[in-house]
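> Work out the full structure: start from the sequences and follow the hints.
Residue numbers (the numbering used here), protein chains in the order written: chain U, 46 to 210; chain Y, 38 to 260.
Hints listed in this document are in silico derivations from the structure and should not be mistaken for laboratory results.
Interface residues of chain Y toward chain U, partial, derived using beta-carbon atoms under 8 Å:
no., residue
1, 91
2, 98
3, 101
4, 109
5, 112
Computed beta-carbon distance windows for the label pairs:
no., chain 1, residue 1, chain 2, residue 2, range
6, Y, 112, U, 68, 35 to 43 Å
7, Y, 49, U, 93, 53 to 61 Å
8, U, 170, Y, 108, 38 to 46 Å
9, U, 208, Y, 112, 27 to 35 Å
10, U, 68, Y, 101, 21 to 29 Å
11, Y, 100, U, 70, 17 to 25 Å
Each residue gets a CB set at the ideal place from its N, CA and C atoms; glycine is no exception.
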Amino acid sequence: MEEKKHKVSRRQFLSYCLMGVGGFMAAGMISPMVRFALDPALEAGGESDFVQVTTLDDLTEEPQRFDFQVEVEDAWYTSDQPRSAWIYREGDEIVALSPTCTHLGCTVNWEGHDDHPNQFYCPCHHGRFEKDGVNIAGTPPTRPLDVYEVEVRDGSVYLGRPMQR
Amino acid sequence: MLQKIYDWVDERLDITPMWRDVADHEVPEHVNPAHHFSAFVYCFGGLTFFVTVIQILSGMFLTMYYVPDIIHAYESVYFLQNEVTHGVIVRGMHHWGASLVIVMMFLHTLRVFFTGSYKKPRELNWVVGVLMFFVMLGLGFTGYLLPWDMKAYFATVVGLEIAESVPVVGGFAKALLAGGEIIGAQTLTRFFAIHVFFLPGALLGLLAAHFIMIRKQGISGPL
Ligand code: HEM
Ligand code: FES
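Below, the structure is given as structure tokens:
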């Protein structure tokens with residue numbers, strides 16, 4: 046390498062110092078604000094409580110829609126928000142499917158279309174799912190319906206948060 | 038890499054003269070602290086601007102969480118300060134900066150006064166400076182209500198009583214500022230709008246006038 050390339054003039058040296066100090070000060074100012082703005086995106090999802098939705102006696106082999114309320118904490122605002130689940134018995138097991146279509150989030154219905162018995166149907170773009178929630182190939186959704194965490198206590202059915210499969 | 042991008046743009050748009058015109062200007066010996074340390078008093082104008090930039094930036098970030106509503110304003114400030122990471126820093130910057138900017142402006146004004154820099158031909162810049170002082174007071178007054186706690190509320194009660202004590206137009210001025218008879222929901226939204234849109238807009242316009250005049254007239258001579 047040429048000798049010239051290594052030479053740093055006094056002016057250059059000072060301007061590097063100035064840029065370094067200035068950059069450090071600017072970063073000290075900006076970074077708390079950027080972290081502040083990014084906070085919602087970096088926050089881990091909260092734990093959810095199980096809420097009582099129905100009793101074992103009300104469940105059948107056929108998916109039924111149950112509506113319930115969950116307490117949602119949204120920053121400084123806490124409220125009860127409506128939720129629904131399609132719940133059925135599969136032998137000893139209890140399956141509770143989220144009604145949120147995995148395509149773009151519309152709400153699915155059990156046997157929502159006359160041409161498709163025994164399936165969940167989404168009216169928005171004709172998305173379809175099997176009874177166990179698995180999406181049917183050739184329709185828009187790309188993954189199965191989410192399933193709620195289920196707990197049974199004293200004959201009552203409690204649901205937690207919907208989990209992706 | 039950056040140099041290449043710069044050269045590419047410069048070749049097409051000839052941007053060098055633009056920033057040169059802004060950045061290259063004489064700094065006379067008598068305002069350079071490296072020559073006479075006492076010249077640091079000439080830094081107060083720049084420091085006032087620096088704190089103003091911090092106020093505008095931190096204020097913009099605060100509005101990501103703040104809501105100007107009497108039910109939720111206090112809760113949202115509590116949330117952004119205690120639940121959001123670094124919220125206490127960002128609110129702290131805005132809170133302490135609001136006082137610091139007044140201090141800096143005062144020191145800057147003292148410098149201008151004791152160096153006689155307000156004299157001809159710079160009278161207009163003094164006038165603009167006084168207008169900025171009032172805009173700053175307005176920002177402090179309207180911002181102070183926003184957390185909507187007891188201190189905020191009663192400070193505004195007192196402030197509006199003072200407005201009301203003005204002869205003839207007092208009652209009208211108070212109702213206009215409060216957005217009605219009571220100091221409540223409409224006062225808060227009004228103060229918020231004034232605090233984050235109207236006064237910062239006015240401030241930026243005045244700052245531009247201030248700086249353009251300084252470039253035009255140069256800095257005043259030594260004592
Ligand atoms: C440039 C000069 C400014 C001054 C002197 C100023 C002053 C103040 C003051 C005194 C408060 C009350 C702070 C507290 O009680 O902790 C406040 C709050 C607030 N300001 Fe400003 N402000 C300025 C600019 C701005 C700008 C440009 C914005 C937004 C674009 C803004 C947004 C806010 C918000 C959202 C609050 C409420 C949050 C809080 O109280 O911490 N401010 N301001
Ligand atoms: S949202 Fe259900 S198919 Fe598109």
